[in-house]
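Given chain Z's structure and the hints, the job is docking chain L onto it.
These protein sequence lines are chains Z and L, in that order. Per my numbering, the first sequence starts with residue 1, numbered consecutively. Per my numbering, the second sequence starts with residue 1, numbered consecutively.
A hint or two may mislead.
[To be verified] Label-pair ranges, simulated between beta-carbon atoms:
#, chain 1, residue 1, chain 2, residue 2, range
1, L, Thr24, Z, Thr71, 31 to 41 Å
2, L, Thr37, Z, Thr11, 45 to 55 Å
3, L, Ala38, Z, Asp15, 46 to 56 Å
[As the list claims (entries may be wrong)] Coverage of chain Z stretches by chain L, computed from C-beta distances (three or more under 8 Å per stretch; other residues unrestricted):
#, stretch
4, 3-10
5, 55-68
[To be verified] Some chain L residues flagged as far from chain Z (calculated, every beta-carbon gap over 10 Å):
#, residue
6, Arg21
7, Glu27
8, Glu76
9, Leu97
10, Arg102
11, Asp109
12, His131
Derived from the structure by calculation, the hints contain no laboratory data. Cβ atoms here follow ideal geometry from the backbone N, Cα and C, with glycine treated the same way.
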Amino acid sequence: MNLFRSEEHITRWLDGRPPGVTIPVRTLAALAEAWWSDRLSSAWRPRTAAESQAILERLGLTGAFWRLPGT
Amino acid sequence: MDAVDLSLRNTTYALFVRLGRGPTAAEVAAETGTTTTAVQEVWERLHEEHAIVLGPEGEIRMANPFSAVPTPHRVEAAGRSWYANCAWDAFGICAALDADGRIATSCLDCGERLRVEVRDGRPDDDSLVFHSLVDAGHWWDDIVFT
Numbered sequence: 001m002n003l004f005r006s007e008e009h010i011t012r013w014l015d016g017r018p019p020g021v022t023i024p025v026r027t028l029a030a031l032a033e034a035w036w037s038d039r040l041s042s043a044w045r046p047r048t049a050a051e052s053q054a055i056l057e058r059l060g061l062t063g064a065f066w067r068l069p070g071t
Numbered sequence: 001m002d003a004v005d006l007s008l009r010n011t012t013y014a015l016f017v018r019l020g021r022g023p024t025a026a027e028v029a030a031e032t033g034t035t036t037t038a039v040q041e042v043w044e045r046l047h048e049e050h051a052i053v054l055g056p057e058g059e060i061r062m063a064n065p066f067s068a069v070p071t072p073h074r075v076e077a078a079g080r081s082w083y084a085n086c087a088w089d090a091f092g093i094c095a096a097l098d099a100d101g102r103i104a105t106s107c108l109d110c111g112e113r114l115r116v117e118v119r120d121g122r123p124d125d126d127s128l129v130f131h132s133l134v135d136a137g138h139w140w141d142d143i144v145f146t
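Isolated chain Z (complex conformation) (with noise of 0.2 Å):
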């Protein structure tokens, strides 16, 4: 799970292993912001995988490769 300087450089880096899936940048900020706001608040408790998923649909973040175990 990384960066990279654009999509050029992930097929350069791929080297025609199959890839998974990119996004931009402002998508994986706003992902960080919903997924991970809570860890050190006193309030935090375990998500299930269902409201994790919905995190990853209200994002548009859907189809097979973004479904979670358990969903």
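Just chain L now, with coordinates in the frame of chain Z:
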């Protein structure tokens, strides 16, 4: 997760933030007034529940998004710095701290140093892209690789 485990988990995270590194079981024991053995038992349960990740000696390896070992993803925020497990987690540290910050990482292809300023949860460079090789169904198969 019961109240005891939750409390010790919160203390582990708080110490991670305060120390800028993964706390030892002895440090958490001292903070909570318990024993290292008791801490280690709770940590094992938290590890099984994916609430933390332990290393081979039972030490803290990850308290996501924080990494207890050096990585290519360094985050400065609120006058401190921490290692993140991946690029996603680097943004996650700013989110968890509810603070602006600076991420220092590099393009995995060309090695160019990338410095991203995070303000109000947003990066200052929209040209960058993020790639995940591993699909969500397999993130925890090998979380260190993921």
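Outcome of the hint check:
The beta-carbon spacing between Thr24 of chain L and Thr71 of chain Z, approximately 36 Å, falls within the hinted interval of 31 to 41 Å. Between Thr37 of chain L and Thr11 of chain Z, the C-beta spacing of about 51 Å keeps the proposed range 45 to 55 Å intact. About 48 Å separates the C-beta atoms of Ala38 of chain L and Asp15 of chain Z, a value consistent with the hinted range of 46 to 56 Å. Using a Cβ-Cβ cut-off of 8 Å, 7 residues of the stretch 3-10 of chain Z lie near chain L, which meets the minimum of three, so the contact claim holds.
Note: the stretch 55-68 of chain Z has 6 residues with beta-carbon separation from chain L under 8 Å; the three-residue rule is met and the coverage holds. Every Cβ of chain Z is farther than 10 Å from the Cβ of Arg21 of chain L; the closest lies at roughly 16 Å, confirming the non-interface assignment. Distance check on Glu27 of chain L: its Cβ is at least 17 Å (rounded) from any Cβ of chain Z, clearing the 10 Å threshold; non-interface status holds. Here Glu76 of chain L stays apart from chain Z, with its beta-carbon at least about 16 Å from theirs, past the 10 Å limit.
With a minimum CB-CB distance of about 7 Å to chain Z, Leu97 of chain L fails to clear the 10 Å threshold, and the non-interface call is violated. Listed as outside the interface, Arg102 of chain L is consistent with that label: its C-beta sits roughly 13 Å from the nearest C-beta of chain Z, beyond the 10 Å cut-off. The beta carbon of Asp109 of chain L is not kept farther than 10 Å from every beta carbon of chain Z, the shortest such distance being approximately 4 Å. A Cβ of chain Z approaches the Cβ of His131 of chain L within 10 Å, the least distance being about 5 Å, so the stated non-interface status is violated.
In terms of the numbered hints stated before, the structure departs from hints 9, 11 and 12, listed from lowest to highest.
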